[in-house]
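Peer 1: The hints should help you fit chain B onto chain A, whose structure is shown.
Chains as they are written, first to last, in this note's numbering: chain A, 1 to 536; chain B, 537 to 793.
By construction, these hints were calculated from the structure, which means they are not laboratory data.
Careful, some of the hints might be misleading.
Okay, derived cross-link-like pairs now, DSBU-like style, lysine-lysine, Cα gap no bigger than 30 Å in a straight line [to be verified]:
id	chain 1	residue 1	chain 2	residue 2
1	B	Lys544	A	Lys221
2	A	Lys174	B	Lys542
3	A	Lys479	A	Lys411
4	B	Lys640	A	Lys371
Have a look at the derived ranges for each label pair, beta carbon to beta carbon [stated by the list, open to error]:
id	chain 1	residue 1	chain 2	residue 2	range
5	B	Asp641	A	Gly514	38 to 46 Å
6	A	Asp489	B	Asp718	34 to 42 Å
7	B	Ala736	A	Asp489	29 to 37 Å
8	B	Tyr670	A	Pro166	55 to 63 Å
9	A	Gly514	B	His715	57 to 65 Å
10	B	Glu625	A	Pro81	50 to 58 Å
Selected chain A positions facing chain B (in silico; Cβ < 7 Å) [to be verified]:
id	residue
11	Val230
12	Ser277
13	Lys281
14	Pro414
15	Pro418
16	Asn425
17	Tyr447
18	Pro449
19	Ile452
20	Glu453
Ideal Cβ placement from N, Cα and C applies to all residues, glycine included.
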Amino acid sequence: MRAIRPKIRSHTREHIVTIDTDSAPRIMFYGENLLIEDLPVGTRVIYPKRPMTPIANPRAAIRYALNHPEDAEPLHAMLSPGMKVTIAVDDISMPLPIMRTPDVRQLVLEIVCEMLADHGVDDVHIVIALGLHRRMHDWEIKRMVGQKVWDEYWPDRLYNHDGCDPEGMIDLGKTAHGELVEMNRRVAESDLTIYVNLNFVPMNGGNKSMAVGLCGYESLKAHHTPHGIVQSNSFMDPPKSYLSHSFKRQGDLIENTLKVFHIETVLNNRAFDGPLSFLTKNEDDFTEADRLKFQAMKWTLDKLPFAARREIFMRTPAAYEMIGCYAGACDPTHDRTVAKQNEQNCVEVDGPADILLFGVPYISPYNVNSKALNPLLVQVMALGYFYHMYRHQPILRDGGVLILTHPCSDKFDPVHHPSYIEFFNRVLTETTDSYTIEQKYQDELAYNPSYIEMYRRGNAYHGAHPCFMWYWGQRGREKTSRVIVVGADNATVPAIMGWETAGSVAEAIAMARGTMGRSAQITMLHHPPYMISDVM
Amino acid sequence: MPTQPKYKNSAAFYDVDGTLIKINIVHAFAFYASRHASLATSARNTIKTALSIPVFWAADKLSRKWFNEIFYRSYEGASEDRLVVLAEELFEDVILPNIYPRAKDLIEESRRAGVRQVLVSGALDFTMRPLARYLGVDEVDLIANQLEFVDCYATGKLKKPFVAGATKAEIMRAYAKQHAIDLAESWAYTDSFSDYPMLAVVGHPTACNPDLRLRSLARSYDWPVLDLDEAPDRSVARRPQGLAPVRRIRGRPAQPE
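In isolation and in its complexed conformation, chain A is listed as follows (with noise of 0.2 Å):
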């Protein structure tokens, strides 16, 4: 079902600013608090789009979608009473923030159930396919799938993935280049596979739900390589994807084997509303309120500590809305979200800077209820999320200076993130290598018992998590040529990643100039909610 659209704003460039003598400070986010910044005049900032407008009947959306699918038959026709279904859900990686309840992923959840409930359909089991991911709390779970589904199916019908279950994965085969595609056993020996994914960035969901969700460290190592990254231009433009290109190959394999019914849905950008709305908004368009909101708000994040400026943000939930779902046959309904998911989030720019500037939130898709984003996630944000943001070609020339926002503090979460302290501590501090890590040291703290054990009984990332998250920048690493990060409370930290530090923006840029340039062109990214550029 097609979302209302927006009406057409005769302003269709709102979302590139040009920086004037008289224009206002900007806002950036630096990691839990924010920083007001005086740009140079010429900056290029870009906004994202407005949120387009929800669907007004999300239920009635997500049935219809069930009922006519893409290339495929309606999901009642799929059913008969006595068949094996599992559901597989994404987990809690996405969206970032997390939405305020109900979650969409429950608002499919119940429809899904109550339609094989009615169809005779018992042998039901929810899987949470979080990957390598850790694993999430009872209460997280509850909060996503909501009451209902929760009483109903939980403990023993609703559990997480575990791809390091000897018992509970199987084998699929391998594709024609060789990568093993490892499948979750109940999974594999279900008659039907309902997957329901919450679609966030244009890289997830479609083939990579099943083959990455469900799958264990053998055939996730295939593509998350060093190698796959630096070939993926970007990994948020799947055509030119390395990464895309390999859960293509294990996806097809998996579609061939099982039958599987995709259910997607595609969220707006409304981050933040209400109080924080001014958030959003073009600095320059601020009323006195905003700036008095925004005076208000600083002012107690300056006086808060660490601790409790994380908990007022992760305890605040984005206004996200529906605007698409979409269900049938993998490809065809992940080209359609993807459609509608650019719609919303692809803004058009006119060539690539030569000096990128963002702040970094304090929130990946790695730390959701973490006690910190720590440096390595702080890595993943600026090189992998950040600097892949955009089609045809790179928003940051080849060769570019980096410019990110953000304390860098040695602060980690011994609960879910034990292998990073690790990696960070002794591996980074070895070798920065991409290459050499995953020939050294990847394997090593795969098969590392304790991590293991965390991994599938605590609530821990796997242990390779890390390696992965370090290659996540490889790609960026190689094409900039300087990552300066602006308010590091150390160090130490930005030296073990290779950063350099600046006190300020003003002296960062100035940093910067001197690599590319007084007449370079320097962009800032307005973000959170992220965008992604259209680089023409």
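Peer 2: Relative to chain A, chain B alone:
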């Protein structure tokens, strides 16, 4: 699913009391004290043990060596047969219900990776044997203190070397040499700061249900901290304010059987 590449020449050394089980050697001694043929003797021994606890505690804080000397003197005069026979009962009644829920899983994960499993305990060997059997650890891989017996009666002294503190590290080194184990590729698990030497000699030290001093040390040295107790407790601790408590979790399996 492909089998994982196996570690070769690696071992995992586990402290037992507080690491794999929730109880310690004083519980074992109290069990023996309370299992006497005469009710009066049982009651007298139990009271005596209870009264000795502050002494044991103080001795343990000062020196593990002193503690061992004072504590094991309590066994003086006990017959070997009785101690060994009651060890099975001790395991069934006291140790088994107090094994940490995830202890066996950890050992299984480690064994699956090809790592040799070794128990290094300050408890007495005959009390540890049933546990070792239960955990699938070979008798040759059980390193524990041994009581000295004369004419099948305990003298109240331990055979040397005592398995405690820095000696644990020495014993592990000797064990590694004897079995061609590479300590740099080995693991050690303990709950207590007093076992710091044990952690210091391996390449992969892991604090397991650590006391405050060890937890702090683990943070400083970037060692992983593993909690083998029930996971839901942590989940509850991390629940955000305002979310209704999850009442149905306790006592139910986190994963389907």
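Peer 1: All the hints need checking, so say for each whether the structure fits it.
Peer 2: Each hint tested on the structure:
1. B:Lys544 to A:Lys221: holds (22 Å)
2. A:Lys174 to B:Lys542: holds (22 Å)
3. A:Lys479 to A:Lys411: holds (28 Å)
4. B:Lys640 to A:Lys371: Holds, because 29 Å separates the two Cα atoms, which is no more than 30 Å.
5. B:Asp641 to A:Gly514: 38 to 46 Å: violated (55 Å)
6. A:Asp489 to B:Asp718: 34 to 42 Å: holds (39 Å)
7. B:Ala736 to A:Asp489: 29 to 37 Å: holds (31 Å)
8. B:Tyr670 to A:Pro166: 55 to 63 Å: For Pro166 of chain A against Tyr670 of chain B, whose Cβ atoms are near 21 Å apart, the range 55 to 63 Å is violated.
9. A:Gly514 to B:His715: 57 to 65 Å: Hint holds: Cβ distance 59 Å, inside 57 to 65 Å.
10. B:Glu625 to A:Pro81: 50 to 58 Å: With Cβ atoms ~53 Å apart, the hint holds.
11. Val230: Violated, because the Cβ-Cβ distance from Val230 of chain A to chain B comes to roughly 26 Å (cut-off 7 Å).
12. Ser277: violated (22 Å)
13. Lys281: Interface hint status for Lys281 of chain A: violated (28 Å vs cutoff 7 Å).
14. Pro414: holds (5 Å)
15. Pro418: holds (4 Å)
16. Asn425: For Asn425 of chain A, the interface hint holds, since the closest Cβ of chain B sits about 5 Å away, which is under 7 Å.
17. Tyr447: holds (5 Å)
18. Pro449: Hint holds; Pro449 of chain A Cβ to chain B Cβ min 4 Å, cut 7 Å.
19. Ile452: holds (5 Å)
20. Glu453: This interface hint holds because 5 Å falls under the 7 Å limit.
Hints 5, 8, 11, 12, 13 from the list above are not met by this structure, while the remaining hints are.
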